[in-house]
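Protein chains: 2
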Amino acid sequence: MTTLAFQDLYPDELGHCYGCGKNNDHGLQIKSFWEGKETVAHFEPRPEHTALPGYVYGGLIASLIDCHGTGSAAAAAYKANGRDMGSEPALRFVTANLNVDFLAPTPMGETLELRGKIKEIKEKKVIVEITVFAKGKACAKGSIVCVKMPASMMPS
Amino acid sequence: MTTLAFQDLYPDELGHCYGCGKNNDHGLQIKSFWEGKETVAHFEPRPEHTALPGYVYGGLIASLIDCHGTGSAAAAAYKANGRDMGSEPALRFVTANLNVDFLAPTPMGETLELRGKIKEIKEKKVIVEITVFAKGKACAKGSIVCVKMPASMMPS
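Chain order of the listed sequences is P and A. The number in my numbering is simply the position in the first sequence, starting from 1, with 3 added. The number in my numbering is simply the position in the second sequence, starting from 1, with 3 added.
Just to be clear, a hint being listed does not mean it is correct.
Copies of the same chain are indistinguishable here, so a pair counts whether it falls within one copy or spans any two.
[Said to hold, decoys possible] Heads up, simulated SDA-like pairs for lysine to any residue below, C-alpha to C-alpha not over 25 Å straight-line: (1) Lys122 - Asn102; (2) Lys144 - Ala154; (3) Lys140 - Met157; (4) Lys120 - Asn100; (5) Lys140 - Val150; (6) Lys25 - Asp11.
Keep in mind the hints are simulated off the structure, nothing from the lab.
Working from the sequences, and respecting the hints, build out all of it.
As structure tokens, this is what we get:
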């Protein structure tokens, strides 16, 4: 049995995100999973995702934290409601605030690991803290405040 | 006479960034300019830069703020030193902290305008506040703490 990623369980109409949509062929297609109480995603930066030569571009790191964060928020909300992820109606979160500390230059050529911890969970708001590791070293730390997607944003 | 963007005045070896490098064919190639005391950049999201259908992906917005911010920091540092941007030795900044408030969903199909204000400038640290507008409406607001690039990151 293969475990599906959080993002693979988003409904099709919510699967177009550049960062994590399974239906975005040009995008990053980030995949997040539970690992105990933490959420985990891995991503290998492409050669073009460089900042200065040899280092990963900060915007990519912020993007990974953003999509791993909203995915983790959705997964945590399903869990808190005792529901299977992917069941209807969809619980989907968007970002209200994203705060990233860049702790050390992130080397290219490594698979990055993102580990998320759910710090707060309310019906309409979830806060996730995410650390980005390269070769076991913490290179960035992010905090993301996710809010339930407004009904006005839902594709009709 | 054409005014060159901040990023076009980075030395070639520092022009590979995915967000703003003139030498990155796959990247976003953000271009920033002075407009009075503010810095300005415009960017038209590509069709794949979607979040939910109809809205721009937050990671792109964070990326634009990041690169417009470090570019603005460099330009402000040259100005504070009474130097022409592009003169040697290069002054280049990297991001220590990036904090973005997403104020409203950002519509696709619009050219985004980023306006930066230099809030603090010291020799090794510059803080820039940036607002992202779509059709004149503020959709996101970011604060970025930029620090002078460590010598260890300079390409040899």
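Outcome of the hint check:
| no. | hint | result |
| --- | --- | --- |
| 1 | Lys122 - Asn102 | both (14 Å within a copy, 18 Å between copies) |
| 2 | Lys144 - Ala154 | between (30 Å within a copy, 23 Å between copies) |
| 3 | Lys140 - Met157 | between (38 Å within a copy, 21 Å between copies) |
| 4 | Lys120 - Asn100 | both (16 Å within a copy, 20 Å between copies) |
| 5 | Lys140 - Val150 | between (30 Å within a copy, 21 Å between copies) |
| 6 | Lys25 - Asp11 | within (6 Å within a copy, 35 Å between copies) |
Of the numbered hints stated above, none is contradicted by the structure.
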